[in-house]
Structures are given as structure tokens and as C-alpha cells.
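These are the residues of each chain, in order.
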Amino acid sequence: MTDHKLLKKLCAASGISGDEGEVRELILSEIRDHADKIIVDNPGNIIVFKKGKKRAKTKLMLSAHMDEVGFIVTDILPDGLLKFACVGGINDSAVFAKQVLVGKDKLPGVVCCKPVHMLKADEKGKNPSPDTLTIDIGAESRQEALKYVRPGDSVVFDSIYENKNGRIISKAIDDRFGCLVLIEMIRSQLPYDMTFVFCVQEEVGLRGSAAAAFTAAPDSAIVIEATTAADMPGSENEKKVCCVGKGAVVSFMDRASIYDKEYFRLAMDISKELGIPAQTKTKIAGGNDAGSIHKSRGGVRTIAVSVPCRYLHANAGLISTDDAKAVGDLVRELAKRICEQ
Amino acid sequence: MEDGDKVNTKKMLRILCEETGVSGREEEMYDIIKELTEGFSKDIKQLPTGTIVVTAGNKDADRHIMLDAHIDRIGLIVTYIGENGFVNAEPVGGMDLRALPGTVVTIQGKENVTGVIATLPPHLVDKEKGMTRDDIRIDTGLSDSKLRKLVSQGDTAVVKSFFRELLNDKVAVSALDNRAGCAVIIKAAELVSGKLYNVKLSLVFSSQEETNESGASTAAFLLEPDEAIVVDTGFAKQEGVPSGQSGEMGKGPIISIAPVLSRRLTDRLMNTADRLGITYALEVDGGMTGTNADGISVTRGGIPCAVISVPDKNMHTQTETVSIKDIENTARVIAEYIIGGAEK
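Each protein sequence line maps, in turn, to chains A and G.
Its first residue numbered 1, the first sequence is counted upward by one per residue in this note's numbering.
Its first residue numbered 1, the second sequence is counted upward by one per residue in this note's numbering.
No wet-lab data here; the hints were simulated from the structure.
For every residue, glycine included, the Cβ atom is placed at its ideal position computed from N, Cα and C.
Check each hint, because a few of them may be wrong.
Stated by the list, open to error - Short, incomplete list of chain A residues facing chain G, as computed with Cβ under 10 Å: (1) His4; (2) Leu6; (3) Ala97; (4) Val110; (5) Cys113; (6) Val116; (7) Lys126; (8) Asp158; (9) Ile160; (10) Gly166; (11) Arg265; (12) Leu266; (13) Met268; (14) Lys283; (15) Arg297.
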């Protein structure tokens, strides 16, 4: 079952790529008493080994990433406004006019630009590009701003968390949801020995997982993710990629990986056999840590199971609680079957 | 300024901004206005257009001043219930549509329903092309049956934003236009409470300014004041805002000069501010002001009007920002204007 209280805590934690410390501490506090061995490696990944009832025939690693998309302060202007860069593939059109939290102390700020009333004819009807935007923390000069903020400080969306009527709306579902699935497995009795990795820097090039997979040196891997669902007005048929409410998403291929064919079939068979709703993607879209894991060392047989999420790389994503449960159920069974093969 | 005052002003502003009350739904503000004004007046009523009027002071006085602040906020209205949890909505008032993609909103349905304004993922969309009023879809994530049970055509929605305190006593939240103005007139009335010997004061929390300015002029017709001070939000200085049409945030109110306004009242406002040592900026318009004063000034046989505004950044988005100091100082100028005038 999905521990919604913990998911809320995980999503509320701040952790853009390269600054995952707060998320890492939270995860460590949740798993400390349930693991047999925990390593935090140089890049900041958490690598966890946990004994199960039996020794696994195939050494399996389960992976989720801790980082979220957000922003980084690049400069402070003379009038105290902050310039910033996007960290990760942010949905550009969803940046303007959002509330944000800046730096370690989570100073409130707002993303602003010229008011709509003052737009010239050729500026109307266009989304302001993020490089034309600034963050206002209320400072009145560069000097004043520097008392609170430095270039290089992290910025996250100041967003809601709501779990009601069978769906969750929150920031950072990508991939705190995957972290939750891993934590819940670590806190349960496992049928086989397994390794779990909570990775850094997925959103800036699938980087942490490369190091984690090298250290864990698995035979096989399951990546647990949140993936783009484009099932909304203006997107027809295959362009929806996957749909909220239609179950766990198991991909055969995306922009970063061709997944293990047998594991793909196995996942689909389990879905049928146990009545766990599952779907596949209808476009070769997206990519995740599987892209670096499958080519680690001499190669790792890899599959990804994801929760479909609308508005994935923005301030408020939307998922279905049924889909979340389906991902958890499917991953646990798939892990067991891979270990016993 | 007392620290306690500042806290109270913030608290009041927060209560005002976190409430709904999109244009045409001003009745949703009635209880709050009643609560915030009952310290100095129990005389409150709602007019046919939705405008809320609180009367204070000496009802038989020769001088009757109307303080107007529109209470409606911009928002959305549900026009069509679609499938898979999506509904179509259109703006009420001049929403900045650039701010909408991905924004969280609350629909005032049978119960409050949270939704996200749909935005296609980057690989399916022309990044530059902005949202138009025809393609606003709210994603409630609800099943079709639940959606139809909770949400109906004509329900309004407001953008969800947190009341956040920025540095230098600034606050950022949606609906500051014009809940900041509402806070100003309440604050001003508090300051003159018990001192209104020869003034009748009508606090007019007017409806539908953002759509057609209909609430204020109809109220002025019914109330027949001798003069009206209109309090709204004005442009704070920021990128792209010309000087002469804006005021620097934290440096006091903006006082308007325009052909449609009474120069006598305007001068008196400026003199009052000068006397108090409160700095202000001027906004000079060549014709109408774009505020309720345009209508009030030609109501009945004509009512002299002045406009004083609180500088507001990021107008018509969920990140509007004002300075608490500016609200306090605007209220002080108005209070002194009322009392000072009464003494003469």
C-alpha cells in the first residue's frame, strides 16, 4: 500500500539535481533501521543492501532518483532581482508567475517579468522564455540580496500537495514516487536479497545512476519512475504516450534505452496474471536512469516501471493513486520473479 | 508605524486575499467584510450589484465621503464540462494568460475542487505560442461522474497561491488587486473611528470592477456622496513599466492626475501627504484612469473623484506583490484627508 504521508514528506523536500541533501537525509532516516548495509557514495547516491528470505539467483538492483527539476541562481542584478537557469528539462511555458523557494532557508520568491498591460504588439500571445525572467525576493539592491542569496543557490517550486478523490497533485512526483516505492520495499520482508539505489542527478543527464550501478554491479535492474502522460485535450491517439488511470507504464523503448525484451514480456504477463493494470507507451519518448544503468560495466538487463504523470516537469504534477498502487504491486512481483530466475 | 499595526495589516490582507469573490460572486466576501469592519460599524448592507457598503461616522453630517475599493478579483469561469476530468474555462477580467500554464486553481464547485491548468508536454507544443482564452482547460483529475457531481457550468475558479512574505515587508499572493485597496479603506476607517463628528463615511467594496466597472457607479448613484476617493492598485516600478505611470514600491502611494478627476480633491490629497511627510508618486493619465473613478465621476449630476493607489508588481498574476508599508501609508493619507477636511 502507498504510504501517502511519507510521499507528501518526500515531495515537499527540496532537492534539485546536485543538491539532493535534504531528500537524502529524509530517506536515510526512513530506511536506517530496515537495511543490512547502507553506503552514501561520492556523488551522493544512497546504495542499500537488504537480505531477503533466500539468496537471489540473479543479482537485482532497484533504482529511483532523488533529484527534481528546478532552478539555480546564476546572477544577482543591481536592483536585487535574481537571474536563474533551469535545472533539468523544465516545461518552459510553466515557469512565469510561479511561486518559488530560494536557497537553504527557503526564502519565498516569485518569478516575474514585464506586466501583461505593458506588452508591445509583438510580445503579446507569447510565452515569456525563462531567460527573460527574474526571481523577486523583495530585495531592493544587489547588496541586500547578497545577504540572503548567492549565485549557485538552488530554487524549487513552492507548490501544493493534495491527495483527494483518487489523485495526487504535487511537485517532484518525478521521482519521489519512485523513492517511496523503494523505501516501502526496504521496510518490508523481501523474498530475496536485493540492492536499492537512490540516485542523484538524473535530470541533468542520468549521471548519479552510472556511478551507483558500477558500485552495486547488478545483473539486472528495475528503474521506478514517473513518466510523462500527455492524455489531455489537444493530444490525440498515440501522442498521449500513456494515460493517467490506465495503470503502471512498462516501456519497451524510450529515447535513452531499449529495454530487456524478456523482462518487458514478463511484466506484461504478471499484469495479466495478477490483474495489475499496466500499459505501455505509444511513442518512443522520454528517458530515465535505465539509459546509463543498462550499459554499466559489462551490461545490465534493465526494465523500467513508471507511474503516468501529467505536467511532469512543472510545479504541479498529477497522478492517480490507483496507478501508484499498480506500480508498487507490479514492481514487487517483477523483482521476485527476476530474482528467482 | 507600530509593529502591532503591521501584523494586523498583514493578517487582514491575508484573510482578504485567501478568500474567493471573483467578479459577480462578491457575496462570498460579505461575512469577511462584516468581521473586519464590525469594530467600527455594524451598519453593513449589500446592494443589488453585489457591492458591499459599510457606513460609519455621523449619518446626518453635511459632508458625505465615499471610499471606494473594488472587492472583486480576476479569475476563471467554467464554460463546459469535458471528459476525463477536464473542464473548459474562460477568464473573468484581464487575466495574464501567460501565467496560466501549469497553474493550480481551485474551482468553487459544490465543494472546492483543485485542478491544474493543462499544458502539453514540451515535445508536443510550440514553446513560444502562448495560451489563448479559448484553450484554457482545467484538469481536475476526477472521474466523469464525480466531476459532474461537483462542478457545474458557471462555477468560478481562482488561482491558488500562497500568502508569502518577501523581504522589506512585502507580500506576494494573488488577488492583491484589489484586496490591498480593501485593506486600505478598512484601515483608514479604523484610524478615523470615533473622530467623525461631521463626516458620514461610506466604505464601498464595489463589485465587478474587473469586468465592467458596474458596481461602483451604481453604488454612487444610490449613496449620493459629495465626493469619492477611489483606492485601487497601481503599477509598481519594474521592468517595462514607464515612470509617470508607476510608483516605487515601499515609497508610498500613487496619486493620479487625470482630466476626469477633481483637481481640487487631488491637490488636497497631495497636500495631506506632504503634511504627513509621506512620499508618493504621480500617475498622470491623458484621459480616463481605468479605475472606478471613470464611472463614479459622471454618476447622477457628477461626483468629484480622486484616485490613490497602492503600488503593485506583477499585476493580474498570482505573484502580485505589494508593500505593507505602502498600504499603511495610503491609509494614513486618506484618514488625515477625512479628518483634516472635517476640521476646516
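Against the structure, the hints:
A distance limit of 10 Å between C-beta atoms decides the matter here; for histidine 4 of chain A the minimum to chain G is near 15 Å, and the interface restraint is violated. Interface hint status for leucine 6 of chain A: violated, as the beta-carbon distance to the closest one in chain G is roughly 21 Å, over 10 Å. Interface restraint check: alanine 97 of chain A against chain G, minimum CB-CB distance 3 Å, threshold 10 Å, status holds. Hint status for valine 110 of chain A: holds, given a least beta-carbon distance of 4 Å to chain G, under 10 Å.
Given hint, cysteine 113 of chain A at the interface with chain G, holds; its Cβ is 6 Å from that chain's nearest Cβ, closer than 10 Å. For valine 116 of chain A, the interface hint holds, since its Cβ comes within 10 Å of a Cβ in chain G; the closest pair sits about 4 Å apart. The beta carbon of lysine 126 of chain A is positioned within 10 Å of a beta carbon in chain G (closest approach about 5 Å), and the interface hint is therefore held. This hint holds: aspartate 158 of chain A has a C-beta 6 Å from the nearest C-beta of chain G, less than the 10 Å allowed.
The beta carbon of isoleucine 160 of chain A is positioned within 10 Å of a beta carbon in chain G (closest approach about 6 Å), and the interface hint is therefore held. Nearest Cβ of chain G to the Cβ of glycine 166 of chain A: about 7 Å, under the 10 Å cut. The hint holds. The interface hint given for arginine 265 of chain A is violated, since its Cβ lies 27 Å from the closest Cβ of chain G, which is over the 10 Å cut-off. Below 10 Å, beta-carbon pairs count as interface contacts, and leucine 266 of chain A has none with chain G, the closest being about 29 Å; its hint is therefore violated.
Checking methionine 268 of chain A against chain G: minimum C-beta separation of about 24 Å lies over 10 Å; hint violated. The restraint placing lysine 283 of chain A at the interface with chain G holds, with a minimum CB-CB distance near 9 Å, inside the 10 Å limit. Below 10 Å, beta-carbon pairs count as interface contacts, and arginine 297 of chain A has none with chain G, the closest being about 32 Å; its hint is therefore violated.
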